[in-house]
Amino acid sequence: MDLSYSKDDIAFRDEVRAYLEEALPTKMSDIVRSGGELTKPIMEEWHAILQRKGWLATIWPKKFGGPGWTPVQRHIFEEECCRAYAPRIVPFGLSMLGPVLQKFGTKEQQDYYLPRILSGEDWWCQGYSEPGAGSDLASLKTRAIHEGDEWVINGQKTWTTLGQHADKIFCLCRTNPDAKQQEGISFILVDMKTPGIEVRPIRLIEGGYEVNEVFFTDVRVPYGNLVGEVDKGWTIAKFLLSHERTGIAGVGFSMQALEEVKALARKVRRNGKPLAQDPLFAARIAKAEIDLEAMKITNMRMLFKAQEQGAPGPETSILKIKGTVIHQEFKDLARRALGPVAAPFPGHVMEGNLMFGPEDTAHNAARYFNNRKTSIFGGSNEIQRNILTKAALEL
Amino acid sequence: MDFNLTEDRRMLSESLNRFLAEQYPVEHRNKIAYALPCHDPSKWEEMAELGVLGALVPEDAGGFGGAGFDISVVFEAMGRVLCPEPVLGAAMAARLLVAAGADCEALIAGAVKYAVAVSEIEAPYDLDGIACSASAKGEGYVLSGRKTAVYGGQAADMFLVAARLDGALAVFEVAADAAQVVGYPMMDGGGAAELLLDETPARLLKAQAAAALEDAVNAGIVALCAEAVGAMDVTLNTTVDYLKTRKQFGVPIAKFQVLQHRAVDMLTEIEQARSITIKAASDLGTAQASRSASMAKNLIGRAARLVAEEAIQMHGGIAMTWEYPTSHFGKRLIMLDAQLGDQDHHLSKVMANYAA
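Chains as they are written, first to last, in this note's numbering: chain Y, 714 to 1108; chain F, 174 to 529.
Isolated chain Y (complex conformation):
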């Protein structure tokens, strides 16, 4: 048993830290720190900076242009990015489609699409969920019919994150309605500029805009946009979801959130004392901090296992369940620490009506509400419990 990073890992961490200090523009970290809006140009600029260093596609092997990092190195990189308040890397092309093409794509698909993901030329989004197919994803209905050398797609996708910025979408479509649910699905790439696609925004609970509905009406794409074999898309979907789960514990984000809550509790005053001295509030922070401390080790244990065995096991669902709830707890504490000061709608907070300065006040209620999503997306925490029921408890 040894909980410390190896010499090499520590050297790597120092290298990442030094690099972020030098390469991450303050204007970006300021936005992340204050919970402001990350626009498309800002995200693209950050991707380009990382790509120049060769650190953009963190989970890609070297031969496809990734850094070829170990799971531990990827974890360190994510932790350092959080520590530095770097914008989150948009995952759809880099963490989802990239590994799919590397495993299931043809040489031509790899050669064409992968460099465009790295260069930022293609911004991808994910066409998975449908109004009638959420947790029960395999019941999806969006239909793709093979006609000549084309697919003709009709249907609707939803919860398409950042689809408003996307050039392309990877879709799960039903290609064989007569087969068993999981056996009639194919994985198809679609250009968002194809006629027949309509993107409609969905306004979220806190007022923000990050997800969309995407409608397909007689959308025609080349037959060659199929990835892998026809009707075998479910295998790809499952493969992709296992990648979506890496880093799912969100330890770095929770560490960030803990520090914010502690800082707030020292600044806010209640009953003539800093809130941090209120035993009820301090106890809530402490409980969440202890859970996070345990989560850090749980996360490292699973990284270690992934590194030894080559792939993350089903236990990673534990990281999702517990990691999201811990993070949500900190968001709740931040909102409660501010009390009435958290109430102003984003955009209505300005100099003069602030208690502590914009970074501490402007967005905490919004962030609390927005973060309710984390226990729902990527396989809801209830679905994660179903996975563990079968895979870990064998019930």
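The set of hints was computed from the structure by calculation and includes no laboratory data.
Beta carbons: idealized from backbone N, C-alpha and C, even for Gly.
One should not assume that every hint holds.
As the list claims (entries may be wrong) - Think about it this way: if two alpha-carbon atoms lie no more than 25 Å apart in a straight line, the pair counts; the simulated BS3-like pairs of lysine-lysine are:
(1) Y:K1103 - F:K428
(2) Y:K1103 - F:K417
(3) F:K522 - Y:K975
(4) F:K428 - Y:K951
(5) F:K428 - Y:K893
(6) Y:K1000 - F:K522
What the hints assert, rightly or not - Pair ranges (Cβ atoms, derived):
(7) F:V424 - Y:A851: 22 to 30 Å
(8) Y:P992 - F:A384: 46 to 54 Å
(9) F:E200 - Y:E1095: 54 to 62 Å
(10) F:F237 - Y:S832: 57 to 65 Å
Said to hold, decoys possible - Which bits of chain F does chain Y cover? Going by a derived footprint, with three or more residues having C-beta under 8 Å, they are:
(11) 320 to 331
(12) 408 to 418
(13) 435 to 444
(14) 520 to 527
Mind docking chain F on chain Y? Use the hints.
Just chain F, lined up with the frame of chain Y:
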């Protein structure tokens, strides 16, 4: 980073698990655990021969372990069978003896059973609140006061007693036959004692012992947390097996999602409990030790209660009986919270620095 046990620890873990599974089946355990002296001398001797006690002592003091992970390996195995033998006293005493530069040979051999007397009725957890007092008399010292919840005290040969000498915490040796020892079996099995001291002759082991006592308590916390992890693991396994075999409404109750998800929540908390115990074991003896021990004891207190109560609830009646082992695991998991600081005590230690 390496989460595998060293070869030596893996071997100790395997041999101890095998020995306890064979030699401490639940019937035997219950016979020993609930009646004085809550101790089986022949098993104790065999455990000492297996190296259970030597694992608690560092090499330069004659043992072959002494690190947090040695303690956790021993106690996780004990937790899996709810072994009531007084090893906690040995684990804590070893820290104090080593800190005092005293000889550990008798402890390692199991020839002298040690109990560490820290708690008092008005200061069950808090070292600062210790009132028991020592004064010089003749060549030696005498102690007066009352020590409470001295784990293993009912079977101990030697007590290491925390008392105030000129206002500062010190540790004294008091032979069991020199003091009034009122032993009792506990609700969850295993024994403890009240130690009544009235001008009782004592030998000074270590003056200025506040740091050494804190370290001994931290080691005891690592032991209890690991014991809880072992006991929780077994409790979950038993519960899962029961869900698969028990039928109601014509199906195994494992088919009910409401039970499946609750079993998963037990699993999740046990993994978290294991993680924080690893952290506390890793930090034992370092500047982080007390903070990590407090974090671990708080989380263990919460997780153990969840696992105990849910296991009993999901068994629906059967785990309410004395005959069914889960009832005894449930009791141990609940009562362990009150040993060496409960979850509230340790939570307030963790939050103490927030205002700074």
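Query - K1000 (chain Y) paired with K522 (chain F) [C-alpha distance capped at 25 Å] - result: This hinted pair holds, its Cα atoms lying about 11 Å apart.
Requested in this report: Take the C-beta atom of V424 (chain F) and the C-beta atom of A851 (chain Y), compute their distance, and say whether it sits inside 22 to 30 Å.
Outcome: holds (24 Å)
Query raised in the report: Taking a Cβ-to-Cβ distance below 8 Å as contact, does the region 520 to 527 of chain F have at least three residues touching chain Y?
Result: As far as the region 520 to 527 of chain F goes, the hint holds, because 5 residues have Cβ atoms under 8 Å from chain Y.
Query - Given coverage of the region 320 to 331 of chain F by chain Y, checked by CB-CB distance under 8 Å (3 or more) - result: Per the Cβ count (0), the hint is violated.
Query raised in the report: Going straight from one Cα to the other, do K1103 (chain Y) and K417 (chain F) come out at no more than 25 Å?
Result: holds (12 Å)
Query raised in the report: F237 (chain F) and S832 (chain Y), beta-carbon distance inside 57 to 65 Å?
Result: About 59 Å separates the Cβ atoms of F237 (chain F) and S832 (chain Y), which means 57 to 65 Å holds.
Query raised in the report: Regarding the pair K428 (chain F) and K951 (chain Y), is the alpha-carbon distance no greater than 25 Å?
Result: holds (24 Å)
Query raised in the report: Are three or more residues of the region 435 to 444 of chain F within 8 Å, CB to CB, of chain Y?
Result: Since 6 is at least three, the answer is holds.
Requested in this report: Hint says 54 to 62 Å; check whether the CB-CB distance for E200 (chain F) and E1095 (chain Y) agrees.
Outcome: At roughly 41 Å between Cβ atoms, E1095 (chain Y) and E200 (chain F) fall outside 54 to 62 Å, so the hint is violated.
Query raised in the report: Regarding the pair K522 (chain F) and K975 (chain Y), is the alpha-carbon distance no greater than 25 Å?
Result: holds (16 Å)
Requested in this report: Go ahead and decide if the range 46 to 54 Å is satisfied by the Cβ distance of P992 (chain Y) to A384 (chain F).
Outcome: Because 27 Å falls outside the window, the suggested range is violated.
Requested in this report: Would you check the hint for K1103 (chain Y) and K428 (chain F), treating anything up to 25 Å between C-alpha atoms as holding?
Outcome: Answer holds: K1103 (chain Y) to K428 (chain F) is near 11 Å, not above 25 Å.
In summary, the numbered hints that this structure violates are 8, 9, 11.
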